[in-house]
Amino acid sequence: MTTQPAVEVEDVSKRFRLYHDRNQSLKAAAMRGRRARYEEFWALKQVSFEVAEGSTFGLIGENGSGKSTLLKCMAQILRPDAGAVRTRGKVSALLELGAGFHPELSGRDNVFLNGAILGLSRKEVQERFDDIVGFAGLERFIDTPVKNYSSGMYVRLGFSVAINVEPDVLLVDEVLAVGDEQFQRRCAEKFTELRADGRTIVVVSHSMGSMQSMCDQVAWLDHGELKAVGPAHDMVDAYLGSVQMGGVPVGDTARWGSGEARIERVELIGADGAPIDGSIRTGDPVTFRLCYKADQPIERPTFGFALHTLDGVHVTGPRTADQGLFPDVILGEGTVELVVDRLLLLPGTYDLSCALHDSAGLHPYDARNRALRFNVVPGAPHEGMGGITSLGGEWHVDVLDAERRP
Amino acid sequence: MAALDLFRSQRDLFVNLTLRELRGKYKRSVLGWAWSLLNPLATMVIFSVVFRYFLKIDVPVGDPSGLHVFAFYLLCALLPWNLLANGMTGGMGALLGNANLIKKVFFPRSLLVGANTASLSVSLLIELGVLAAALLVAGNMVLPWLPAVLAVVAVQALFVLGVALLLAVTAVYFRDLEHLVGIVLQLWFYATPIIYPASFAIDALRDKPLLRWLYEANPMTRFASIYRDLLYHLRGPELVDVAAVVGWTVVVLGIGAFTFHRLEPRLAEEL
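Taken in sequence, the protein lines are chains A and B.
Count the first sequence with this note's numbering and you get residues 6 to 411, in order.
Count the second sequence with this note's numbering and you get residues 740 to 1010, in order.
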């Protein structure tokens, strides 16, 4: 006997209307004799797959590939134009936290209201009330109207209600990164707990590293069509390979500086001396290369890189000046390299920025914010708990025999 | 029957949403709930002065109650009218005002409209309770008629729900609907015997059978007549009035529910 899938997506298609001149008034409708002109656009085209019960399932794809639309179809917020989504058990969606909170009502009233919206009975909310409030850490403020909450408190309470619904199927759309460190840790624990309990989780994320470490199976969507479904590791690799994440210039990159010298190119170079195509593994050697061109002689310049996570956390910012390295003068074309023997970044997506300054680091000649986005995939050391960087340490554990214990 | 099942499974949500409306409405005001009574009270004073003393409109003597007070005659129809007027205005905002919720969470959207009508019906019951107390003080023994009043409020609530369901989804597609509804409400208010007895209009329209027929077909005319029979005159309502309001309620609720059901699936996209 095979177990029933928790979610069955069968031949789902979803069409949106792109309005040319959105006309939402009776007046306009009466005067023109029609409501609106629109073009149709298929956000999902005949997508089919199954999510096994108790598994964690990821949806990946570029922006506009239909991931969120599919998630909303699973949550029944959108109805597919063709095909069907079948879910087994209670479904809860974490699409927006605290949706439906009434600002004038107290946190307590809102917990009951939000719980009811998410499908809990009054009795069920009562049973979980202390857990919900405790998890959000809002015991002291629970009788205050939520309009007086900080945005962090608001989101924490919303998350806490949603996660305590204890659904059989949980749908998550990139909302995991809320609250402070402590709250994030509790969220991660809660997710682990849910998975251990055999709940099914479907998650949409752009963070390939966490998808690879979290998910069992991944579906890859491309322009509304299902490209492939399979084990997370293979899918993420295939996806990253296809979009060449090893060196993708970020579209909306900000650039500033006086321009006497310009940063022409930034590259990641692998062990074989060739630019990295695909993704880098934790522990691999890598060289960050910057190619510049100076139209005028520039004395004692400073080169620098900066690494950020997608959440904007500054990971590191090495500069030539930090090593006391000041080239006397640069003119014409040249390259600068930062050689890393062993990349200790843990799996995830990172943005690389670079800059060319004067010796004091005050005057920018050229600075490119988030010039390059790259992915780090699991390698060695492998750390199951995730994070940004490994310490590269080695464990030594002395185990005493029971008999020899004093 | 599907609607009943829905109600049963979503009862807690329905109650919570209704409480949200009731609690949220007067939360930020010093007088709180008193506002819901002060409003009709102020209207009553204004209308009494203008229509009773300036325009000298005389209202019938209660038969058999013998009551002869313009303010009571007015309130018996004005309070139920407010349920309709507020139900229509609130119904239009029920979906638009909760766009964010609809786009992010799945639950039966009709509950939003239902909660709006239900909270207004609760307000009406409170107002009618105060009116009944005042009538008792004035010597009108309304107590035996109150169960019947409750039944009429229930029917009227369903009628208003039907109208509100229709307006709620229409307002999503046509955002300027509220202006039209404002005009309709004003017209409807004067086409209903609220500040004057129905006989005034029926006499005036004696040689205009079509207009007279329209006037009498107005469901709110019938509701007003039933409320006045029960609370002002202290007599049973006319069967033809009861048949008319029940018929109207079935038709309007049917149209409202059907339209809502048809347009509900696309709400998350259109909002």
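It should be emphasised that the hints constitute simulated quantities derived from the structure, not laboratory data.
Just to be clear, a hint being listed does not mean it is correct.
No more than 16 Å apart at the CA atoms, straight line, and that leaves these computed lysine to aspartate or glutamate pairs for EDC-like [stated by the list, open to error]:
hint, chain 1, residue 1, chain 2, residue 2
1, B, Lys842, A, Glu101
2, B, Lys842, A, Glu265
3, A, Lys298, A, Glu265
4, A, Lys32, B, Glu917
5, A, Lys32, B, Asp751
6, A, Lys128, B, Asp751
7, B, Lys764, A, Glu101
8, A, Lys95, A, Glu194
9, B, Lys842, B, Glu977
Covered by chain A, per the in silico footprint, the following chain B stretches (three or more residues, Cβ under 8 Å) [unchecked claim]:
hint, segment
10, 751 to 762
11, 929 to 939
12, 944 to 957
Virtual Cβ for every residue (Gly too), placed ideally from N, Cα, C.
Right, here's what the structure says about each hint:
no. : hint                : result
1   : B/Lys842 x A/Glu101 : holds, 9 Å
2   : B/Lys842 x A/Glu265 : violated, 50 Å
3   : A/Lys298 x A/Glu265 : holds, 9 Å
4   : A/Lys32 x B/Glu917  : holds, 12 Å
5   : A/Lys32 x B/Asp751  : violated, 40 Å
6   : A/Lys128 x B/Asp751 : holds, 9 Å
7   : B/Lys764 x A/Glu101 : violated, 25 Å
8   : A/Lys95 x A/Glu194  : violated, 21 Å
9   : B/Lys842 x B/Glu977 : violated, 47 Å
10  : 751 to 762          : holds (count 8)
11  : 929 to 939          : violated (count 0)
12  : 944 to 957          : violated (count 0)
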